[in-house]
Amino acid sequence: MKKTIIYLVAALAALWFSFSTENLTQRRQREALKDLNADQLVEVMMQDSLAALSQRAVSLESLAAGCGDEAFARQHGRVLGIGSPTFYVVQGQLDQVQRVGDEIRGFCGGQAIVIPVKHVFGNTAREASGWFNIDDFQNTMDFNAVSAALNACIAAKLQQFSPATDGKVNYLGAVAVVDGRFPADNTLKVIAYDLNND
Amino acid sequence: MACFCLLAGGSSCKGRTASKERIAVVISTLNNPWFVVLGQSAVERREALGYDAVLFDSQNTPSKEAEHFDNILASGYKAILLNPTDADGSAVNAKAAARAGIPVFCMDREINVPGACVTQILSDNYSGCISLGEYFVEVMQYRGNYVELLGLVGDNNTWARSRGFHSVVDCFDGLKMLAQQNADFDQNKAMEVMESMMQAHRDIDAVFCGNDAMAMGAYQAILAAGKQNRIKVFGFDGSDDCINAIREGKVEATGMQFPKTMARTAASLADQYIKGRRDLPKKLPVAVDLVNRQNVKNYGHFGRIEE
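Line by line, the protein sequences give chains H and G.
Under the numbering used here, the first residue of the first sequence carries the number 1, and numbering increases by one thereafter.
Under the numbering used here, the first residue of the second sequence carries the number 1, and numbering increases by one thereafter.
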């Protein structure tokens, strides 16, 4: 009887694993993580996961209204460890867009926005995306290598971008909010995952 | 009454309260005030939580750290708060403790073997040095020659800081690194290295140092050479002497790590673990603040003034 139960459990386990599949993105992500290939990992996520990122993006108006609220921050924001800014994915349309040197400048709902397209620094893009968990990496150097690769990928993608002649550009990007304060009186820096003229 | 004991060479702790459970706090070196604050903060929080805390000094030597671990594993400690000497070398000690069922919590310095520690509480050195790099570029006005003093080559913090800094500074063609050399986070060594760098390169405009002890050593060398008005010094740590040097205009900026926050968090997590909590994060970064002449009034005593 005991043996029968063991065989039954083993059979059920085998059956479970035969049907338990991971999607292609998860599989490619796992392979890139195994022997860390930061560029590959970033490429996978930028190809496969931008649409999902767009689904959970907030507008600048709602961010400005809610970022000081803990419940809003918990629902929409991401925090890395202790004392970090809260990172959000944002999207919207810019108007009066101009390319000024290595930056795209414009306004969204009256808020001045600057988007770097050449020098993209920091962990804002990585952290807002939520694509990467620090605990999945061998050490923090590997985790930071992903951030550098993501920034480089973004810069490579955006450097050739030219705003449409009507001065309107759609953006999907990331922002860092420090101490729950939206910088209403200053220009807000957005790290853009994507810009388009559609 | 809990006691505070320092074990530098494996001597025994006298007067320990027998009824309390013991926690070991193993610090890479107590030759640097920053690490003294880290160790003392961990001990104080442990004692506030009702444990006896015993402080061990590894003297920046992996073999000394291994000796301490041998003693700790044989002496019935309930947990170890570890500030490792080496990202790879210390992993052996942490794994031995894990095998013996003693949870290890890393503070400030990382070890490279996932699973050897329950949680690693680490400064976000990379992000901190990105902020420092951005400020460096601003102060240098996008051009000039600089040198870099690295910390211990076996410590991940050394490379996280250097890479964060270079991820920004290397984007600007007008900024040229003339030399890069390790000074092991040591003030005296930094002074010697800076002296030879100044002899080899007459046109240094700035030095980026991977910690404040090296920044202070570099500043001593610069002062002795009479170049304090030309060479700008940048550090990292937030030690009191460097904060004072920023106030006095001797150093441009540093990255404030929060050793008290790291130590207190490690102690609290160890307490929670001992009491049965198992869903702790493997890594817990602690944000680093840029401290410069504009905001230095808000900082001191190894943290923000209000801390």
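Each hint should be verified, as a subset may be incorrect.
Claimed, not checked - When the alpha-carbon atoms are kept at most 25 Å apart in a straight line, the in silico SDA-like pairs for lysine to any residue are as follows:
no., chain 1, residue 1, chain 2, residue 2
1, H, K157, G, H166
2, H, K118, H, G101
3, G, K282, H, G81
4, G, K282, H, G130
5, H, K189, G, V137
6, G, K275, H, G81
7, G, K297, H, N186
8, H, K118, H, G81
9, G, K282, H, A149
10, G, K176, H, G130
11, H, K189, H, Y7
12, G, K297, H, D142
13, H, K118, G, K297
14, G, K176, H, H119
15, G, K232, G, K282
16, G, K64, G, V113
17, G, K176, H, V178
18, H, K118, G, M140
19, G, K95, H, D142
20, H, K118, G, R163
21, G, K95, H, M141
22, G, K297, H, G101
23, G, K232, H, H119
24, H, K168, H, G81
In case anyone wonders, no lab produced these hints; they're calculated from the structure.
Status of the hints after comparison with the structure:
1. K157(H) - H166(G): 22 Å, holds
2. K118(H) - G101(H): 9 Å, holds
3. K282(G) - G81(H): 11 Å, holds
4. K282(G) - G130(H): Satisfied, since the Cα-Cα distance of roughly 17 Å is no more than 25 Å.
5. K189(H) - V137(G): Distance of about 18 Å is within 25 Å: holds.
6. K275(G) - G81(H): 22 Å, holds
7. K297(G) - N186(H): Holds. K297(G) to N186(H) sits at ~23 Å (cutoff 25 Å).
8. K118(H) - G81(H): Given that 25 Å is the threshold and the Cα spacing comes to 28 Å, the pair is violated.
9. K282(G) - A149(H): Holds - the C-alpha atoms of A149(H) and K282(G) are around 23 Å apart, at most 25 Å.
10. K176(G) - G130(H): 35 Å, violated
11. K189(H) - Y7(H): 60 Å, violated
12. K297(G) - D142(H): Given pair K297(G), D142(H) is violated - Cα atoms ~35 Å apart, limit 25 Å.
13. K118(H) - K297(G): Violated: K118(H) and K297(G) sit about 34 Å apart, past 25 Å.
14. K176(G) - H119(H): 17 Å, holds
15. K232(G) - K282(G): 38 Å, violated
16. K64(G) - V113(G): At roughly 20 Å apart (the allowed maximum being 25 Å), V113(G) and K64(G) satisfy the hint.
17. K176(G) - V178(H): The hint is violated at about 32 Å.
18. K118(H) - M140(G): 20 Å, holds
19. K95(G) - D142(H): 21 Å, holds
20. K118(H) - R163(G): 18 Å, holds
21. K95(G) - M141(H): Answer holds: K95(G) to M141(H) is near 21 Å, not above 25 Å.
22. K297(G) - G101(H): Distance of about 35 Å is beyond 25 Å: violated.
23. K232(G) - H119(H): Distance ~24 Å between K232(G) and H119(H) Cα, so the pair holds.
24. K168(H) - G81(H): 37 Å, violated
When held up to the earlier numbered hints, the structure conflicts with 8, 10, 11, 12, 13, 15, 17, 22 and 24 and fits the remainder.
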